[in-house]
Amino acid sequence: MSKPVLHLASSSPRRRELLSALGLNFSYEGVAIDESAVPGESVSDMVLRLATTKARTAFDSGGHQVPVLGADTVVILDDRVFGKPGSKEEALNMLASLSGRTHRVLTGVAVVAHGELETAVSRTEVQFREIHPDEAEAYWQSGEPAGKAGAYAVQGLGGIFVSSINGSYTGVVGLPVFETANLLRRAGIDLPARPDHR
Numbered sequence: 009m010s011k012p013v014l015h016l017a018s019s020s021p022r023r024r025e026l027l028s029a030l031g032l033n034f035s036y037e038g039v040a041i042d043e044s045a046v047p048g049e050s051v052s053d054m055v056l057r058l059a060t061t062k063a064r065t066a067f068d069s070g071g072h073q074v075p076v077l078g079a080d081t082v083v084i085l086d087d088r089v090f091g092k093p094g095s096k097e098e099a100l101n102m103l104a105s106l107s108g109r110t111h112r113v114l115t116g117v118a119v120v121a122h123g124e125l126e127t128a129v130s131r132t133e134v135q136f137r138e139i140h141p142d143e144a145e146a147y148w149q150s151g152e153p154a155g156k157a158g159a160y161a162v163q164g165l166g167g168i169f170v171s172s173i174n175g176s177y178t179g180v181v182g183l184p185v186f187e188t189a190n191l192l193r194r195a196g197i198d199l200p201a202r203p204d205h206r
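So the sequence shown is residues 9 to 206, counted in the working numbering.
Mixed in with the good hints, there may be bad ones.
[To be verified] Ranges of calculated distance between the beta carbons of each label pair, as one might list FRET restraints:
| # | residue 1 | residue 2 | range |
| --- | --- | --- | --- |
| 1 | Ser10 | Glu97 | 40 to 48 Å |
| 2 | Val89 | Glu124 | 23 to 31 Å |
| 3 | Asp198 | Asp87 | 24 to 32 Å |
| 4 | Pro21 | Glu43 | 29 to 37 Å |
| 5 | Ser52 | Asp198 | 26 to 34 Å |
| 6 | Pro21 | Val170 | 33 to 41 Å |
| 7 | Ile41 | Pro21 | 33 to 41 Å |
| 8 | Leu165 | Ala29 | 38 to 46 Å |
| 9 | Gly71 | Ser44 | 39 to 47 Å |
| 10 | Gln149 | Glu25 | 23 to 31 Å |
| 11 | Ser107 | Gly70 | 37 to 45 Å |
| 12 | Asn101 | Ile168 | 14 to 22 Å |
| 13 | Arg194 | Arg137 | 23 to 31 Å |
Think of the hints as simulated: they come from the structure by calculation, not from any bench. We put the CB at the ideal spot given by N, CA and C, even for glycine.
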């Protein structure tokens with residue numbers, strides 16, 4: 009097997025799937041960082057800071073000889089930031105708030121390569137249909153909302169709540185492929201990198 013050309017500073021299965029779809033051979037490992045908000049920081053600045061911190065932490069601690077990619081995703085509704093729910097009650101409250109409304113999903117992406125940092129932000133609007141409380145309860149019982157920003161997974165069962173998306177579907181999933189590919193090209197990684205599809 010060929011050597012990895014990239015290291016993903018995340019244990020997210022969704023981010024791994026999206027990178028795999030690009031035909032890249034990569035290593036991955038999640039990093040633990042402080043994800044606390046900074047007073048006065050914009051949401052865009054926050055996702056970039058967190059993505060950058062993940063990438064730099066992995067780069068500095070792992071001795072990686074390849075570019076390192078970090079990403080962070082948040083859901084925003086009426087200036088409220090929804091991260092991952094910490095409990096069932098929090099998840100149900102998030103879903104009730106998002107029900108019948110349009111919210112934004114921001115994903116920050118950072119690549120550290122050759123001592124240089126490149127970043128990008130994906131901004132997407134997502135419209136939810138009305139969600140009945142019984143549906144939200146059943147959705148929680150599926151186990152899917154746990155560990156997902158905004159308490160839903162657009163690529164899974166949570167997709168039944170989404171009536172429209174304006175922007176990057178993959179950004180909502182957790183890794184905007186368009187922005188990520190541009191950053192990887194700047195870091196010297198050739199795309200598409202699918203030797204089995206020449």
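For the range 23 to 31 Å, tell me whether the beta carbons of arginine 194 and arginine 137 fit it or not.
-> This hint is violated: roughly 39 Å between Cβ atoms.
Does the Cβ-Cβ separation between serine 107 and glycine 70 fall within 37 to 45 Å?
-> holds (41 Å)
Okay, proline 21 versus glutamate 43 on CB: inside 29 to 37 Å?
-> 19 Å Cβ-Cβ, so the 29 to 37 Å window is violated.
For the pair leucine 165 and alanine 29, does the Cβ-Cβ distance stay inside 38 to 46 Å?
-> violated (21 Å)
24 to 32 Å as the expected CB spacing between aspartate 87 and aspartate 198, which holds or is violated = About 41 Å separates the Cβ atoms of aspartate 198 and aspartate 87, which means 24 to 32 Å is violated.
Could you check the hint for me, namely that glycine 71 and serine 44 are 39 to 47 Å apart, CB to CB?
-> violated (27 Å)
Serine 10 and glutamate 97, beta-carbon distance inside 40 to 48 Å?
-> holds (47 Å)
Do valine 89 and glutamate 124 keep their Cβ atoms within the hinted range of 23 to 31 Å?
-> At 29 Å between Cβs, range holds.
Note whether the CB distance of glutamine 149 and glutamate 25 lies within 23 to 31 Å or breaks it.
-> holds (24 Å)
Range hint compliance [Cβ, proline 21 to valine 170, 33 to 41 Å] | violated (20 Å)
Check the following: the C-beta atoms of serine 52 and aspartate 198 are separated by a distance inside 26 to 34 Å.
-> holds (29 Å)
Pairwise beta carbon distance, isoleucine 41 to proline 21, judged against the given window 33 to 41 Å = With Cβ atoms ~19 Å apart, the hint is violated.
Checked against the numbered hints above, the structure breaks hints 3, 4, 6, 7, 8, 9, 13 and satisfies the rest.
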